[in-house]
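**Student:** Sequence:
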Amino acid sequence: MARMHSRKRGSSGSTRPAKLEIMPWFPHSAEEVEAKVIELARRGESMSRIGLELRDSFGTPLVKIITGKKISQILRENDLLPKIPEDVLFLSRKAVNIRRHLEENKKDLEARKGLNRTEAKIRRLVKYYRRKGVLAPNFKYDPEKIQIFLR
Numbered sequence: 838m839a840r841m842h843s844r845k846r847g848s849s850g851s852t853r854p855a856k857l858e859i860m861p862w863f864p865h866s867a868e869e870v871e872a873k874v875i876e877l878a879r880r881g882e883s884m885s886r887i888g889l890e891l892r893d894s895f896g897t898p899l900v901k902i903i904t905g906k907k908i909s910q911i912l913r914e915n916d917l918l919p920k921i922p923e924d925v926l927f928l929s930r931k932a933v934n935i936r937r938h939l940e941e942n943k944k945d946l947e948a949r950k951g952l953n954r955t956e957a958k959i960r961r962l963v964k965y966y967r968r969k970g971v972l973a974p975n976f977k978y979d980p981e982k983i984q985i986f987l988r
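838 is the number of the first residue of the sequence shown in our numbering; add one for each residue after it.
Please keep in mind that the hints were generated in silico from the structure rather than gathered at the bench. Cβ coordinates follow ideal geometry from the N, Cα and C atoms, glycine included. Among the hints, erroneous ones may be present.
[As the list claims (entries may be wrong)] Per label pair, the in silico range of CB-to-CB distance:
#	residue 1	residue 2	range
1	F927	K845	37 to 47 angstroms
2	E876	E941	37 to 47 angstroms
3	H865	R913	15 to 25 angstroms
4	Q984	R954	14 to 24 angstroms
[Said to hold, decoys possible] Below, computed lysine-lysine pairings styled on DSBU-like, alpha-carbon distance capped at 35 angstroms:
#	residue 1	residue 2
5	K944	K982
6	K873	K977
7	K920	K907
8	K977	K920
9	K958	K907
10	K856	K906
11	K969	K873
12	K977	K964
13	K958	K982
14	K958	K901
15	K982	K969
16	K958	K977
Based on the provided sequences and hints, a complete structural model is requested.
**Tutor:** Below you can see the structure in the form of structure tokens.
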């Protein structure tokens, strides 16, 4: 399927484990994995970073297979879930960087188009998260406020 904001299809992405069951070679228990998730979250790591860390250094194929819960569910139970979802946060950082670039390079139309696309993604995600109840119903993406929040 084609990407929304490019002319290509794009097929990159990691492959999930074929079997959705606990592997016999996995040495850690569900409690150990949950404790590691909580420890990494308290260190300030994002959910995607926690998943990478568990996969690369802890050897965890999928947290949900082992614990029966997603990383976000574990963080929600321990009140460690961030106020703003990480995909909105990362796109906001990208938009702030593009805005900073546009302040110095006012005639860069490609960057302006990139900013429009990035902010369209942010607005679409915010609408989705408001509908799902993750964000407050009165939450609104404001570039100036988000720039202060990201500092």
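**Student:** Does each hint fit the structure? Answer for all of them.
**Tutor:** Going down the list of hints, with the structure as the test:
Taken as a hint, the range 37 to 47 angstroms is violated for the pair F927 and K845, whose Cβ atoms sit roughly 21 angstroms apart. Here the CB-CB span from E876 to E941 is close to 41 angstroms, well matched to the stated 37 to 47 angstroms. In this structure, H865 and R913 meet the distance hint of 15 to 25 angstroms, their C-beta atoms being roughly 22 angstroms apart. The hinted range of 14 to 24 angstroms is satisfied by Q984 and R954, whose Cβ atoms lie roughly 18 angstroms apart.
With a C-alpha separation of about 25 angstroms, the suggested pairing of K944 with K982 holds against the 35 angstroms cut-off. At most 35 angstroms may separate the alpha-carbon atoms for a hinted pair to count; K873 and K977 meet this at roughly 34 angstroms. Taken as a hint, the K920 and K907 pair is honoured in the structure, with Cα atoms around 17 angstroms apart against an allowance of 35 angstroms. A distance of roughly 13 angstroms separates the Cα atoms of K977 and K920; the hinted pair therefore holds under the 35 angstroms criterion.
In summary, the hint linking K958 to K907 is supported, as the alpha carbons are separated by about 24 angstroms, within the 35 angstroms threshold. Under the criterion of a C-alpha separation no larger than 35 angstroms, the hint pairing K856 with K906 is consistent with the structure, at around 17 angstroms. This hinted pair checks out: K969 and K873 have alpha carbons roughly 28 angstroms apart, not beyond 35 angstroms. A hinted pair counts as satisfied when its Cα atoms are at most 35 angstroms apart, and K977 with K964 qualifies at roughly 9 angstroms.
Simply put, K958 and K982 have alpha-carbon atoms about 18 angstroms apart, close enough for the 35 angstroms limit, and the pair holds. A distance of roughly 27 angstroms separates the Cα atoms of K958 and K901; the hinted pair therefore holds under the 35 angstroms criterion. For the hint linking K982 to K969, the alpha-carbon distance of about 23 angstroms falls within 35 angstroms, and the restraint holds. Only pairs whose Cα atoms come within 35 angstroms are accepted, and K958 paired with K977 is accepted, the gap being roughly 13 angstroms.
In this structure, the one hint that does not hold is number 1.
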